[in-house]
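From first to last, the protein sequence lines are chains A and B. Taking the working numbering, the leading residue of the first sequence gets 1, the next gets one more, and so forth. Taking the working numbering, the leading residue of the second sequence gets 1, the next gets one more, and so forth.
Careful: at least some of the hints might be erroneous.
Covered by chain A, according to a simulated footprint, are these stretches of chain B (three or more residues, beta-carbon under 8 Å) [claimed, not checked]:
| # | segment |
| --- | --- |
| 1 | 140-152 |
| 2 | 156-168 |
| 3 | 180-187 |
| 4 | 270-278 |
List time: in silico BS3-like cross-link candidates among lysine-lysine, alpha-carbon distance up to 27 Å [as the list claims (entries may be wrong)]:
| # | chain 1 | residue 1 | chain 2 | residue 2 |
| --- | --- | --- | --- | --- |
| 5 | B | K444 | B | K515 |
| 6 | A | K273 | B | K308 |
| 7 | A | K216 | B | K425 |
| 8 | B | K51 | B | K466 |
| 9 | A | K273 | B | K425 |
| 10 | B | K308 | A | K278 |
To spell it out: a stretch of chain A is covered by chain B in this simulated footprint if at least three of its residues, at any positions, have a beta carbon under 8 Å from a beta carbon of chain B; those stretches are [to be verified]:
| # | segment |
| --- | --- |
| 11 | 136-143 |
| 12 | 185-199 |
| 13 | 212-221 |
| 14 | 297-309 |
These are calculated hints, taken from the structure and not from any lab test. We put the CB at the ideal spot given by N, CA and C, even for glycine.
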Amino acid sequence: MNMVRLTIDDREIRASEGITILEAAKSAGITIPTLCYHERLNPIGSCRMCVVEVDGQSEPVTACTTPVADGFVIKTQSDRLYHLRQEALKRILVNHPLDCPVCDKAGACMLQDLTFEYNIQAVDCPAPKRNFIPSYQTTFIKHWPERCILCLRCANACKEVQCIGAIDVTDTDDGPQLTFNRDKCVSCGECVQICPVGGMLEKKSSYRWRSWETTKIRTTCPYCGVGCQQLLHVKNGRIVQVTGVEDAQPNKGRLCVKGRYGFDFIYSEDRLKTPLIKENGQFREATWDEALDLITRKFKEIIASHGPDAIAGVSCARSINEDSYNMQKLFRAVIGTNNIDHCART
Amino acid sequence: MFLVIGSNMTEAHPVASTFLKNAVQSGAQLILVDPRKQKLADFAQVHAQIKVGSDIAFLNSLMCVLIEEDIYDHKFVESCTIGFKELKEKVMDYSPEKASAICGVSPDMIRDIARRLAATRPCMLCYTLGITEHTCGKNNVMSTANLQMLLGNMGVECGGVNPLRGQNNVQGACDMGALPNVFPGYQKVGDLDVQAKFEKAWNVDHLPGKVGLMIPQMMDGLVTGAVKAFYIFGENLANTEPDIKKVEHELASAEFIVCQDIFQTETTRFAHVILPAAAWSENDGTFSSSERRVSRVRAASLPPGEAKPNWWIFKQIAKRMGHDWQSDSAREIWDNEISQLAPAFAGIKYSRLEGDGLQWPCTHDQHPGTCFLHKDGEFTCGLGQFVPVDWTPPAEVADAEYPLVLSTGRRLYHYHTRTQTGRCKGLNDLLSEETADISLDDAKLLCIEPGEIIRVKSRRGEVTLKARITPEVPKGMVWMAFHFREACANWLTNAAFDPATLTAEYKACAVTIEKINA
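Chain B with its partners taken away, still in its complex shape:
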């Protein structure tokens, strides 16, 4: 059984979606929770078409039913978790009737889904950015974990909470410690033992113990002057961050920007120095996938001109700043540094990655890797902690002036800002421009024809683009992607962030649509 919430995997994770669909065709149940009638709706037994940003009310209500009807997993809750009493107190406040008013799903459907979840085990909960890209993103994630613990769906194959990572190596970038609060392998900044270990390994006297800045704080710092130099490696921030005008103001405020990339992008315009990098298939290395699988990436052709592997560039800068790093290939970096320093990857060596790779934790040479976490209900922290949370609305909701909700995401034929897919022969033929996806009802109300050029406006900007009138989108919603610069959704999106993660609320802001030739 699957509960998919906030994930349009048919377009964003196409191959993963085929396996889920195969399972459904072989008899597995699928409950889809999504504001849009996306492709998975054709496969789902139940589609709860919740309103944008109402996830917690919906999930709390499922838990309310599970507890009220006493159909949750008592054994798992009693032996493997703490905090049930507090959770119960919180979720009992979310009766299906009360939650229905927030999320738009009928009380009957909420009860039906809760009963289905209780009746079928295990159930895998899959989520993507529909959960995290909200000002309550962290709480959304907590809610999914609360639900799965209450159902006892943790620590078993085909169970658990399964976040589908958006990018090929976003898991790996986290694993490697490209985060302001952890060293490689999630070893905490500020832990003196960890710090001492890395100081010794990296041959330095002192490593900083203060947690660093997250991207939005860095961008703020460019304006306030707290951050003077900004090193942007392989990111097109000027298109991907919410509220492009604000972002470009921030980038323009920097004293010194280094961009390291494979192409000039909207972001490199703000650079003072641009470094040409080798691309995928031009050097050897590893990616780590959503399922924590470390797989090999291999060189097939040479980088153009003077372009160099990224690791080499960082090494050269270090050298010029007085640090002579020994590792001289990706393999040496992994085998001699990463797997030596991070216990979770200790058993992963290039020599073991020839075939299907290894899933971490993989702690020693003979370790087969770990397919799923929290086996037998044993959590990393001991007992699973219920974290009761309240529903909060998006930072910006529809009103009289901006009566529609804009939600954003990805489409099948392109990837992010098209720096790559826009330069692949054929993909532009399959999708050549952005559209504003609107409902039949709203199109009728505003007398908008299919393909008509319309204006979409938010408090931050406006774009003109074709209307795509589709039953996928519910009344009151506009849906757009961020693949095309001119009509990029991020001219409109709201730079409001989850207070803990500083993830932006790409999934909800208020907009209005207008006919151009009214």
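Same shape as in the complex, but just chain A:
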């Protein structure tokens, strides 16, 4: 890979040929504001927040789409750029209500943060209210066209990342709008995770929370064998949302519909809460001591009269390694049989 030399904000940088100004700046620890750009997507270049000045070029360029070249001298901060970014934000805010107090995304919204950072107090002339096509929703996700800033992250993620292509941009009399193909959509929620504003939101949890109220706990998905890394958003000891861990192996932020929305079975009222012992064909609640004593007594009796091989066990391929380890240890070391198996053969 050929390397090029360039200067960003008076710092000399070496970068691989072919990468963008944004990537080169990032690798040098220099932050350029972005909104539509996402590391997991090809550059979109729709928001113009990442404009930078390149010496010798009269007009600023978007850092996310412009490749570095040898000798570039780049400025990421200037009065002109500040003003251009303010203008870019105002163009977006003309069509985006400042309804942050009632928006689920408040506190985790890139537009909210940038509006604050660029000190935009008000938008001079809000656009007349547009006629939105009825918003798209499934049982888990909902599009809020009023808040959509048409950055196209969601459409590109649906196509590039999930390879589904359920989201398109359609020109209407009221300008471009997102349209959704219900037959293609599988409610994976990638669009929700990647939306920088409150344009795509979850419908799953009946609980209300603000992002700053939740603790984020990294864990591994309980469904298939891929081992996706999840971030559990927990408020008051209860999971309210699940997202994919960006940059994590093996899933790089992605989840499927079960991984993202299949978490609340643990809160079901049907959960077993006490040991149960069957008497006269009916289960009755029991204490742990009763249940464990009964099991131990039966096992001892069976071992005494029929030998340890008259006991067999099936472990669980859903539970943690340490559970399976202890179960096989119980069978081998305590009961004295290798009659331990699990569903690997089914």
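Following the hints, put chain B in place on chain A, whose structure we already have.
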């Protein structure tokens, strides 16, 4: 390049499938081998729509072409494998013309696929239960390995044979020795040194040296009386095992059943004692994924009521039977026992699992983990052993009385018997009932309308459910899942097993379909 055989990963391993599709969109080739025109068919350059249970004939024929046209990897075969002569003798019997009659793929397509495989390296072969859930499951797996060795696609990144494990921790349950023939880390039962090591570590005088029973043998034993007590931890056998009537008879025959679970299930009905367990996200621990990656699982909320971590329950039973186990958390169990006793996990400690986890083998503290196995063609056993195998038909094939083949699997919106996904808000809205997926041709022949309630019958049982008429399914096939109790495919499936692995033939049995209002 990818060769995907017997894997509907879009529904069963959705996130893995996105990476494969990304690669295809970036120029990788995909050859799909599957009886159904499933989603991956839209991405594949070639879709070999083989008949159910004809995998070995198809794979042997690919190898026949590779050898006949002399386009296999001579260097790899000569330096890294043994048994080529025997393999050659066997596969030369499977000319594309002969195999075509068995698998239904044209001789031209077989030759085309073989040439594509020879021309592009490396190629990753991915399989799932479409390969293993047959009476010839073990031989199917052997065939995939034979093919990849013949192509020299072993021991390289993006190559190899990649089984996508069905459940989040089925890899881990194997790794932990929840198998009748191995201790944790695949150390063999019957090996006296291994036995002595575990006897010392577990502070017991004697460990059993005789290989134990596999699940189907245990279930048989419940009926014969050889097995008196059955301890079922987190499995809903009454729905997941083939031939539900038979399974329920077996469970009902048990003298004493302990179920340890998070819910009452169809299986817990047969229990004498039910123990309430902590669920995912209610205790700390680890899962091991398909790629042998050990990742952390963390507690986020408390178990309900008196529910307890499973490891704790086993420890309490051990204690009552006179064994005082020291480890008192999942972390202590892993760090102080598992990684001490299994060389493959020796370098894995909780302190090293904070980020992306580690892929075993990971043999010491500084070991970075192992991304792919058999590097440089060095196999665990030394040289790679070709194991030539013959095609055998499924145990039950279509006939005049039961003229269709039932194949089963999973659908995207639910997981197994819905003990979990059925209790998640919203998932039932996305898929609320089972369907019998049938072809346009068969629907037309029997005058079945989309969504019409039909009866599907096998020699073992019958279910009534909606017909889903779809181009995904070829003529002559019915496809169903096992997510919903009433219309569970396992009322129909055949309890015929691979003789070595005792994996059941969920992928093929004979059925007939009938209109209810004929």
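A quick look at each hint next to the structure:
no., hint, result
1, 140-152, "violated (count 0)"
2, 156-168, "holds (count 5)"
3, 180-187, "holds (count 4)"
4, 270-278, "holds (count 7)"
5, B:K444 <-> B:K515, "holds (12 Å)"
6, A:K273 <-> B:K308, "holds (9 Å)"
7, A:K216 <-> B:K425, "holds (22 Å)"
8, B:K51 <-> B:K466, "holds (24 Å)"
9, A:K273 <-> B:K425, "holds (21 Å)"
10, B:K308 <-> A:K278, "holds (20 Å)"
11, 136-143, "holds (count 3)"
12, 185-199, "holds (count 3)"
13, 212-221, "holds (count 5)"
14, 297-309, "holds (count 7)"
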